[in-house]
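4 protein chains.
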Amino acid sequence: MSNQRYGAGIWHFATYVDRYATDGYGAPRSLIEMIDLAGEVGDLSVVDINYPFPGGETSLEAIGTALERNKLSVIGITPEIYTRQFAKGAFTNPDAGVRRLANEMCNDAANIVRHFGADYVKLWPGQDGWDYPFQVDHRKLWQMSVEGIAELATQNPDLKFVIEYKPREPRNHMSYDSVARTLLGIEKMGVPNVGILLDFGHSLYGGESPADAAQLAIDHGRLFGMDVNDNLRGWDDDMIAGSVHPIELFEFFYTLRKNNWEGVWQLDQFPFREDSVEAAKSAIGFLKAIERALDKLDFEAMQAAQDRQDAVGALKLAREALFSSY
Amino acid sequence: MSNQRYGAGIWHFATYVDRYATDGYGAPRSLIEMIDLAGEVGDLSVVDINYPFPGGETSLEAIGTALERNKLSVIGITPEIYTRQFAKGAFTNPDAGVRRLANEMCNDAANIVRHFGADYVKLWPGQDGWDYPFQVDHRKLWQMSVEGIAELATQNPDLKFVIEYKPREPRNHMSYDSVARTLLGIEKMGVPNVGILLDFGHSLYGGESPADAAQLAIDHGRLFGMDVNDNLRGWDDDMIAGSVHPIELFEFFYTLRKNNWEGVWQLDQFPFREDSVEAAKSAIGFLKAIERALDKLDFEAMQAAQDRQDAVGALKLAREALFSSY
Amino acid sequence: MSNQRYGAGIWHFATYVDRYATDGYGAPRSLIEMIDLAGEVGDLSVVDINYPFPGGETSLEAIGTALERNKLSVIGITPEIYTRQFAKGAFTNPDAGVRRLANEMCNDAANIVRHFGADYVKLWPGQDGWDYPFQVDHRKLWQMSVEGIAELATQNPDLKFVIEYKPREPRNHMSYDSVARTLLGIEKMGVPNVGILLDFGHSLYGGESPADAAQLAIDHGRLFGMDVNDNLRGWDDDMIAGSVHPIELFEFFYTLRKNNWEGVWQLDQFPFREDSVEAAKSAIGFLKAIERALDKLDFEAMQAAQDRQDAVGALKLAREALFSSY
Amino acid sequence: MSNQRYGAGIWHFATYVDRYATDGYGAPRSLIEMIDLAGEVGDLSVVDINYPFPGGETSLEAIGTALERNKLSVIGITPEIYTRQFAKGAFTNPDAGVRRLANEMCNDAANIVRHFGADYVKLWPGQDGWDYPFQVDHRKLWQMSVEGIAELATQNPDLKFVIEYKPREPRNHMSYDSVARTLLGIEKMGVPNVGILLDFGHSLYGGESPADAAQLAIDHGRLFGMDVNDNLRGWDDDMIAGSVHPIELFEFFYTLRKNNWEGVWQLDQFPFREDSVEAAKSAIGFLKAIERALDKLDFEAMQAAQDRQDAVGALKLAREALFSSY
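Chains as they are written, first to last, in the UniProt record's numbering: chain A, 1 to 326; chain B, 1 to 326; chain C, 1 to 326; chain D, 1 to 326.
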């Protein structure tokens with residue numbers, strides 16, 4: 001029996017708006033409702049929760065109770081450093097006052113992490129970057145990106161911070177756009193408590209191989225977390241994991257196991273038009289097939305094929321394991 | 001002095017939400033406020049207005065007054081067939097009742113077109129399409145796409161309908177995704193009063209050459225309208241026109257002039273983080289440079305270069321005209 | 001037991017050059033050697049052969065003998081209207097003399113089709129299009145594209161011609177770039193004997209859903225042939241079928257079977273660095289898994305899910321069939 | 001009067017083959033012919049030359065004479081570590097013997113650099129990477145990528161080595177795929193004499209902002225060279241510089257000047273179907289316009305706009321300078 005733990009960003013169970021469906025793809029939900037939906041999935045052990053809490057102010061106690069009745073714990077807290085006040089950036093906002101607000105919100109999130117005994121503060125600075133040619137001084141922007149997070153890490157040496165890089169959206173170009181850029185920034189920071197949360201879909205649509213990105217982060221000792229979903233390689237579609245790229249997803253998890261990486265397998269999906277519990281079950285159903293396929297895969301033969309860089313041989317091994325495991 | 005008329009979608013002057021900045025990139029605005037902002041631009045003659053009217057119910061009279069004081073008239077009405085009730089599609093919704101609602105909303109929009117003496121009902125069925133492999137029966141989906149608009153055209157033979165195609169967003173794939181597909185659908189409809197509104201940016205990020213798309217629509221007698229903006233070729237960024245692809249923009253307008261196409265030059269921009277009046281002025285300033293460049297361009301020499309398919313020669317002529325006209 | 005017939009473009013068994021490895025990825029091969037390699041695959045019934053024959057002049061008799069000993073027949077002939085003399089286009093070359101040469105070569109290819117009793121002349125006008133903004137008169141270019149093929153069809157009413165569209169390469173933009181554009185051109189021709197050869201990979205990296213493209217071509221009565229491969233959605237990588245996008249490949253074949261389309265399943269792969277026989281076997285091995293998955297799939301339940309546009313339900317059915325069939 | 005020096009890769013003046021036009025886009029040329037064509041451009045001071053010398057063995061003396069009569073000197077030597085023998089990789093080839101050959105060829109190239117008093121050995125390991133999921137052990141592949149170049153740098157401490165990164169082609173994914181990844185590798189090497197040659201087009205189609213990439217490389221002290229061209233953001237089209245993205249090209253050179261970077265402005269174009277001298281003149285003509293625009297640009301005002309991250313203001317300044325300078 002599998003001991004693999006599964007998790008999800010709590011926003012998986014929210015409803016969404018976009019620039020067209022401004023009235024939303026469904027009625028708004030409270031955080032408590034989202035937690036109860038997460039509980040319905042049946043396979044989730046942990047959730048990542050936005051801060052400030054979505055759906056209006058909610059007491060820590062009410063959240064704790066809801067988590068408990070759904071047998072969930074908190075893996076991370078994601079400060080919302082991408083809402084209106086941060087529309088022009090959090091750590092890189094041209095206004096020093098707004099940069100201070102971002103720092104404060106992240107420090108508040110750090111306290112929530114401590115309260116729940118969670119693993120990390122997750123930083124996704126989606127508004128930090130640029131839209132237009134000539135818009136920014138690239139040196140200064142990158143310095144602010146690096147220093148803003150280094151400061152947080154120094155202020156909270158007892159905690160871990162994870163950066164979730166992404167090529168773009170909502171900014172046309174995000175500062176932390178790739179695994180290599182993020183590692184370069186982290187090396188610059190020179191602190192031990194900042195790492196990467198690797199989102200499979202961000203890596204894929206950024207033109208990386210997610211397996212290669214994971215290996216690189218692991219080799220730098222910085223793969224602190226990960227989540228999965230899928231897309232059509234041109235945008236962060238946040239579709240159901242395995243619905244488009246099952247083979248690269250399998251390679252990603254193969255890489256984690258080969259390296260004995262033993263963290264939670266999390267979901268970061270946005271089921272705009274789907275039932276969110278069903279979408280989570282669909283993904284986890286496929287992830288369990290991947291677990292079985294990993295158990296079945298001949299790791300030695302795969303290593304030998306890779307040492308020969310034998311694409312056809314490696315593909316055969318992967319297919320045999322994966323296309324018989326659902 | 002130029003007689004070119006300029007226009008804009010009234011949403012250019014709205015504020016926006018997206019899936020992250022759910023509290024919006026600015027305080028909500030009423031339609032009347034948007035019209036007054038459009039008036040501030042100084043060069044706009046016409047606007048395209050969403051229906052139901054954005055920012056809450058507004059009387060036709062109040063709108064008329066606001067338009068008049070800003071010297072604006074209405075070129076088109078865009079029914080919002082992409083909000084929550086149409087999240088799973090308007091003309092292609094699996095629920096026949098919702099398809100009926102879409103038809104009704106478009107007929108209501110037709111009445112607003114009549115009221116304002118506008119040119120057309122603009123149809124942008126952004127939720128009509130699919131997200132996942134296997135999700136839809138592609139034959140049925142396309143039939144519904146075609147029949148839904150044919151029905152509207154037949155119900156309103158006194159009016160024009162324009163389809164604004166787009167590759168994707170918010171759906172991962174839109175039914176009316178390209179100029180050729182849309183023309184194929186229109187030919188199927190067999191009605192005279194349906195045409196294309198060509199969005200420069202949609203064409204560009206769909207992998208078309210906008211100039212080629214315009215020519216094809218003109219050659220089928222179906223270029224009923226157009227609007228411009230810019231993007232990074234991977235998404236509908238709705239940036240300021242000419243900010244990234246000034247040469248292809250110039251080629252697009254060259255094609256229109258060569259064909260004596262004499263409609264309004266409209267803007268379809270989403271200035272999420274910019275002042276909307278300044279963003280419109282920036283675009284129109286560049287469009288006026290393009291007008292001057294067209295006046296300067298040697299059309300005969302260009303035709304000769306194109307008949308030779310002489311890329312270097314044609315580029316030289318284009319550069320000489322464009323890079324001296326701002 | 002399956003009666004499905006398999007085929008391949010004979011170039012699958014060639015060696016290749018590109019702009020960097022100008023000395024080629026292997027020693028050149030004669031057509032006879034390629035045919036013998038095709039025979040080694042064991043599952044191929046038909047091949048598509050380039051004309052002029054690759055690897056130097058070869059007698060029809062020698063080819064016939066080689067085909068016979070490998071139990072292969074010819075499905076189509078592909079005139080090489082994309083080599084040096086056609087570098088600036090075949091049907092759309094600015095030089096009328098070169099356009100004439102293209103016509104002659106295609107007529108010669110038609111005679112080879114008659115000789116071998118093949119199904120069609122395959123037209124892939126890879127050099128017909130443009131590279132730069134302003135380079136061509138788009139109306140004229142498209143007219144030449146359409147008229148050049150209409151002429152061939154009229155000259156050879158006893159034969160079929162298939163157009164293999166592709167977004168780009170070697171031209172930066174090809175005239176026949178998509179299924180819809182090609183159908184629009186074919187409708188313009190007004191002849192019964194021109195259809196589409198749908199290349200799965202071209203459709204995929206052009207931003208289409210190959211299943212949707214196939215359905216559209218079928219609904220216009222123009223799906224005359226098809227071939228498969230795979231890619232990373234950004235280029236025509238011509239990788240082994242099913243190696244990246246197995247689910248969309250499965251949907252593509254599902255669509256063919258649903259429509260009782262009963263042609264040959266062909267390969268169009270370029271194994272630059274792989275053994276070509278092994279690469280073909282790898283693909284056909286997966287295609288046979290897809291056959292089994294189609295036999296297993298509950299078509300009624302799938303139709304019902306699609307009628308509801310139920311992504312999660314449809315995905316479940318597809319996974320159950322596909323991920324248990326290798 | 002400008003003192004800016006211009007250069008070009010000598011392959012700009014070659015003819016090309018690709019996988020379709022296997023007989024080439026023109027008759028083969030000798031290196032001496034290419035040098036004479038480079039001389040015809042009139043504005044070139046330096047060239048980068050492939051090694052082994054293209055077009056057959058050529059004596060160093062003959063090359064020296066040809067360079068002299070065309071007033072050209074050598075800026076770099078590019079060993080051809082991407083031809084048939086390196087089809088499966090140079091530094092990362094699974095065969096240690098081939099990796100040795102790559103090292104030897106680069107050392108030979110180093111001697112040519114010394115002979116001509118050139119600036120650097122240029123390394124473009126276009127075959128080092130992977131094509132398929134599961135094909136390689138990503139840790140080992142990256143280690144070999146890094147160590148192979150570190151070894152060269154250590155063997156030749158008197159010389160500089162530059163890495164020209166590129167996302168892909170001919171490999172589906174190249175090891176040195178981006179500026180950040182390359183810097184990460186260089187930091188790992190821990191040697192002073194390895195830097196980056198930044199190709200504007202590689203950066204652009206890799207999803208970077210070339211200006212940002214340049215700034216990052218400069219801030220790491222590693223921008224050792226650069227070249228320009230243009231593309232449609234989806235592939236390394238190697239089009240004429242400024243033909244598609246003039247504004248981002250301007251921003252790139254603005255960044256260089258702002259940092260007082262004073263190297264040669266090189267061309268890396270592949271004029272497949274164009275006259276190569278005309279294509280070079282077309283590019284340099286536009287680069288001179290950019291020089292004039294830089295002289296005209298208000299750097300202080302631009303800095304102020306960038307400090308405000310004011311896209312509209314910065315764009316206005318850029319347009320005023322650029323669109324009046326041709």
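Calculated directly from the structure, the hints in this document are not laboratory data. All values reported here derive from a predicted model rather than from experimental measurement. Misleading hints may appear alongside valid ones.
Copies of the same chain are indistinguishable here, so a pair counts whether it falls within one copy or spans any two.
Stated by the list, open to error - Here are the simulated DMTMM-like cross-link-like pairs (lysine to aspartate or glutamate), alpha carbons at most 20 Å apart as the crow flies:
1) K316 <-> E151
2) K188 <-> D275
3) K160 <-> E57
4) K281 <-> D18
5) K71 <-> E300
6) K316 <-> D36
7) K296 <-> D219
8) K316 <-> E57
9) K288 <-> E104
10) K288 <-> E68
11) K71 <-> D95
12) K258 <-> E57
13) K258 <-> E40
14) K258 <-> D295
15) K316 <-> D43
16) K288 <-> D307
17) K88 <-> E104
18) K88 <-> D18
Evaluation of the provided hints:
no.: 1; hint: K316 <-> E151; verdict: neither (48 Å within a copy, 35 Å between copies)
no.: 2; hint: K188 <-> D275; verdict: neither (43 Å within a copy, 35 Å between copies)
no.: 3; hint: K160 <-> E57; verdict: neither (25 Å within a copy, 49 Å between copies)
no.: 4; hint: K281 <-> D18; verdict: neither (24 Å within a copy, 26 Å between copies)
no.: 5; hint: K71 <-> E300; verdict: neither (38 Å within a copy, 39 Å between copies)
no.: 6; hint: K316 <-> D36; verdict: neither (42 Å within a copy, 24 Å between copies)
no.: 7; hint: K296 <-> D219; verdict: neither (26 Å within a copy, 43 Å between copies)
no.: 8; hint: K316 <-> E57; verdict: neither (53 Å within a copy, 38 Å between copies)
no.: 9; hint: K288 <-> E104; verdict: neither (40 Å within a copy, 46 Å between copies)
no.: 10; hint: K288 <-> E68; verdict: neither (25 Å within a copy, 49 Å between copies)
no.: 11; hint: K71 <-> D95; verdict: neither (42 Å within a copy, 38 Å between copies)
no.: 12; hint: K258 <-> E57; verdict: neither (43 Å within a copy, 48 Å between copies)
no.: 13; hint: K258 <-> E40; verdict: neither (32 Å within a copy, 36 Å between copies)
no.: 14; hint: K258 <-> D295; verdict: within (12 Å within a copy, 36 Å between copies)
no.: 15; hint: K316 <-> D43; verdict: between (31 Å within a copy, 18 Å between copies)
no.: 16; hint: K288 <-> D307; verdict: neither (28 Å within a copy, 29 Å between copies)
no.: 17; hint: K88 <-> E104; verdict: within (17 Å within a copy, 40 Å between copies)
no.: 18; hint: K88 <-> D18; verdict: both (18 Å within a copy, 14 Å between copies)
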